[in-house]
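Single-letter residue listing:
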Amino acid sequence: MNKLASFVTWLLIAIVGAFSFAALALGRGETVNAVWLVTAALSVYFIAYRFYSKYIAERVLGLDDSRPTPAVRHNDGMDYVPTNKWVLYGHHFAAIAGAGPLVGPVLAAQMGFLPGTLWILAGVVVAGAVQDFIVLFASIRRDGKSLGEMIKIELGPVPGSLALVGVLAIMIIILAVLSLVVVKALTASPWGLFTIAATIPIALLMGVYMRVIRPGRVGEASAIGVVLLLASLYFGRAVAADPSWGPLFTLTGTQLAWALILYGAIAASLPVWLMLAPRDYLSTFLKIGTVVALAIGIYVVAPPLAMPATTRFIDGTGPVFSGALFPFLFITIACGAVSGFHSLISSGTTPKMIERESHARFIGFGGMLAESFVAIMALTAACVLDPGIYFAMNAPAAAIGTTAANAAQVISNWGFTITPDMIEQTAKDIGETTILSRAGGAPTLAVGMAQILAQALGGKAMEAFWYHFAILFEALFILTAVDAGTRVGRFMIQDMLGHVYKPLGDTEFLPANVAGTVLCVGLWGYFLYQGVVDPLGGINTLWQLFGVGNQMLAGIALLLCTSVLVKMKRERYVWVTLVPTAWLLVTTLTAGIQKIFHPDPRIGFLSLANRFSDAAAQGKLLAPAKTIEEMQRVAFNNYLDAVVCGVFVVLVVAMCIYAVKICLQALKQAQPTAHEIPPLMPEGAMA
Amino acid sequence: MKARVRENRVAPAAGGATGGEAIKPRLRDRLDGVRRAYLQVIGIPDYESYLAHMAEKHPTEKVLSRQEFCARAIDRKYGKNGPRCC
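Chains as they are written, first to last, in the numbering used here: chain A, 77 to 763; chain B, 10 to 95.
Worth flagging that the hints you see were computed from the coordinates, not collected in a lab.
Certain hints may be false.
[What the hints assert, rightly or not] Here are the computed lysine to any residue pairs in the SDA-like style, where the Cα-Cα straight-line distance is at most 20 Å: (1) Lys-66(B) <-> Val-148(A); (2) Lys-66(B) <-> Asn-151(A); (3) Lys-702(A) <-> Gly-477(A); (4) Lys-71(B) <-> Met-154(A); (5) Lys-66(B) <-> Glu-431(A); (6) Lys-66(B) <-> His-150(A); (7) Lys-66(B) <-> Met-154(A); (8) Lys-71(B) <-> Lys-228(A); (9) Lys-228(A) <-> Tyr-734(A); (10) Lys-71(B) <-> Asp-462(A); (11) Lys-66(B) <-> Asp-155(A); (12) Lys-71(B) <-> Asn-151(A).
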């Protein structure tokens, strides 16, 4: 591009960005349009990509296209294939973007739109995108090795094993919390449950079509699947209204939890082509389509942000999750700002398909920016809602009661004026009986999306349809994640059990498979059930446990990146990874320790556990427990949560010590000590 | 972007197309390119590229049928090495 044209373009982007931020910052006391928020975010992404990622690519990492990537070295036309960078970008984005960036920002909206926005933008540029990019780079230079293998090579075998234990623990919590989101969205919602249930036969049909009827015709099967899906969405309304079918699909939280546990066990045991793969295709299709539709919708409708910039809940007394802005904002919004789980994807299939080293900048850094954009849109959709409605949907029943009148009164007392009629009307508009205490992010996002999309297309009459479409879209890829995650969890458990008793590690041995699956489902099922019966709504506990774990994994991945930079003798640039590492360690260790030891029972696991066990010892009952056994169970669950949280804290501290030791050793060396594949292609390396 | 997608593909049989006929195959190529890009995004490698690779590098080895290729890709993707994101 012409130098002057380039200069003018970037100057314009900078001005638009600055102007958008000015609109956000100066519009105090009056409503700000959501378009400013989205535009400010886009400008940040463009500028960060153009300048910061270029700096990292050229100076810090020294990407070198003369070094063959794993895809080129081992090109076998199947697993290792040099892939077009736009196609691989889509593939990578579809793999990293799940429900995480949709849930966290919605929960964080209780503090207002500003804290979440600032953390998402600063976090992605300084931490998230840097992590994804450098892990991808490190894996490319190590023949596509996984995060665990790289930690083993660069930091030693003990940290490698520790990291694997941490990953398994985070997996279990993720599966539990995602399932909990689905339970919260589908409780007493026959329309929603019918459409989700319908995806099972639709996926089975697609699977058989692709395998038996028209083998290998994935595109055709996907098209058929989408049509059937829309049909189920349409007929769901009639099913829900039907006097005999409606009650059949109206389940309570505990019934749904059991249904999901059973589903997880069966789905993870079926052949992958039958249900998992076809459903994953549908969800990828819907995911990309919905994200694009929402972005266009926000620009077409240009809704004002109803949520104030900050609310009084930054002091830590919020009903959605408890704990002050520091450190809890930074663990509540995990995916979208920085997500440790991405380090597993960036060292999974993507490095085996990348054509040139220089593409890692677009795919690693750029891919994460797109995920961050999804988080910004989720935040926008939540903040477009009337704050009263937002709190009615997200506060637990323990705080606002179970009737619209009671909820309206409590929420109005918090300073967010709302009438019972407004709450009931919103429920009616989206085709549901109630919207109260539907925590977990998905329903709130769905209402926000429904209001935006209905204004853009279809009007008020379509709102119920859009709401259930949004629920379908979220539940679909959560259920896919539950299925796939249970399989991966099973492999990991079998791998560990194999060290204890060899036959248990054999993935072809049926009893060992069954044992692995049951153990995995049992673990996340336990946390799920605990979340469903939790007096504070479950999300308050589980989402924060997940946030701590996920951010700690990011900390571990960034410690690896830091060690890699030092071992490459690029310590001059080590601040690029050291700054986000330090921030993640500070926030997550603070949050982890507060979650365990905080004296406020709404925050600290131990103090809540002690409260219940002390009361139980004196024979007193605390709501919502109805028996002494329930009291003891609440106490036990909170002790358990404290232990899990403690494991995360110990893991990350241990990892930190190992990394410091390795870095100090590497600093003394005159030559690079990183274990990279040598730059020149050795003879006979071609597959 | 579209041009880049096409660049990745095996060269289509464009040599025979002339005059008015040229438009149809080009549109079909483009649709085919979209289909193949979609497959790769959802995790199924390109079968035509695989055939070209085998013909070039391993002409004597037996190639998998489209069905076998697709089945193997699915098993690989959701097998041991498939961590998922949140």
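Here is how each hint holds up against the structure:
{"no.": "1", "hint": "Lys-66(B) <-> Val-148(A)", "result": "13 Å, holds"}
{"no.": "2", "hint": "Lys-66(B) <-> Asn-151(A)", "result": "10 Å, holds"}
{"no.": "3", "hint": "Lys-702(A) <-> Gly-477(A)", "result": "17 Å, holds"}
{"no.": "4", "hint": "Lys-71(B) <-> Met-154(A)", "result": "14 Å, holds"}
{"no.": "5", "hint": "Lys-66(B) <-> Glu-431(A)", "result": "18 Å, holds"}
{"no.": "6", "hint": "Lys-66(B) <-> His-150(A)", "result": "12 Å, holds"}
{"no.": "7", "hint": "Lys-66(B) <-> Met-154(A)", "result": "13 Å, holds"}
{"no.": "8", "hint": "Lys-71(B) <-> Lys-228(A)", "result": "38 Å, violated"}
{"no.": "9", "hint": "Lys-228(A) <-> Tyr-734(A)", "result": "11 Å, holds"}
{"no.": "10", "hint": "Lys-71(B) <-> Asp-462(A)", "result": "63 Å, violated"}
{"no.": "11", "hint": "Lys-66(B) <-> Asp-155(A)", "result": "16 Å, holds"}
{"no.": "12", "hint": "Lys-71(B) <-> Asn-151(A)", "result": "17 Å, holds"}
Checked against the numbered hints above, the structure breaks hints 8 and 10 and satisfies the rest.
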